[in-house]
Amino acid sequence: MSTALQDLATLDRVIHEPARLAIMTVLYAAEEADFLYLQRECGLTQGNLSSHLTRLEDTGYVKIEKAFKGKYPLTICRLTRSGRAALESYARKMRSAAALFR
Amino acid sequence: MPPSPSPVMDAERRAWSYWFIDGLPNLVAGVLCLLISSVYALASAGPRHVRSPLVITLVAVAFGIYGVVFFRLRQTLEWLKSRITYPRTGYTTPPYFVNWNAAPIELTMLNLSNVAEKEAFNMRRVREDAHRRGWFFVAIIAAAGMSSLLTGNPWICAATGIVAGLGICFAARRDQRISWVVVYGLPFAGAYMYIFPSRHIAGAASFLAGVGFLLALDGVMTLIRYLRSNPAARA
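Those protein sequences? They're chains E and R, same order as listed.
With our numbering applied, the first sequence closes on residue 102, and no number is skipped along the way.
With our numbering applied, the second sequence closes on residue 337, and no number is skipped along the way.
It should be emphasised that the hints constitute simulated quantities derived from the structure, not laboratory data.
Hints may contain errors.
[Claimed, not checked] Example chain R residues on the side facing chain E (calculated, C-beta under 10 angstroms, incomplete):
(1) Arg-174
(2) Trp-181
(3) Tyr-193
(4) Thr-195
Ideal Cβ positions, reconstructed from N, Cα and C, are used throughout, including at glycine.
Chain E extracted, bound-state conformation (with noise of 0.2 angstroms):
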């Protein structure tokens, strides 16, 4: 079995979600968001994204906080170091497996 295929047998399942990895993607582009901005930019609903989340943060790929800006409560979510060192592994993964497809 060449690298590439090897590569896509041990892909992040965690990670290989669509809506996880929606998520993720948000997070490591916006460094850190509340649970409203990531449920208005990912499109899912209130327990869906809870759900996620809850699992990211098990995989210690996301931590989330609670914290207050003025008076408005805000969950916080940010990507781990290791979250961050996962989806650029993720992604060397499927860049390497989509050079099988040209």
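Put chain R on the given structure of chain E with help from the hints.
Relative to the frame of chain E, chain R by itself:
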């Protein structure tokens, strides 16, 4: 703004433009310009009036508010946004906190084509251009004020308004944060200096007031549009 071929670049661009979605940055910048022009206007009322305690108090108050807003600009904006924007459409990192020089290099790793890589570098260049254009705009306004103070020629402000309008028009081609109100209004802000001739400090003050009014108007229009499309959530 054309959609980006890369989702990451698109998300980054949307996060960047999110800071300006409610018009508050332009509104606050406009109010700043109006405050400083009111200080100039009060100071130019004449030596007799400048000595009056009421005028001195008004100048001090206007200057104090200007100082607070200018030196606490981000905090002022965040305070406003925490009451208007975040409860409606959420929060993401303001552009001040993001290391924009580092991001595009990392982002190229997530792209699957050379087109997206090129765009990453283009975006970096656009940001640097926008930064340079911002300083250029500030320099033009400062030059107009100083020229008006030193020469007392209203034509200089008129010409500066046209140049600034063209400059902003050029900047707005890529960056749509400034609306047509400012782009087309600036030449008029300069031109009314000729219609209502005022010299020295009063000239600079009226030009700055024109710029401030345009920015504030742009901010208010954007804010109204934003509030209409994003009504407050009911408890």
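So which of those numbered hints doesn't the model satisfy?
1
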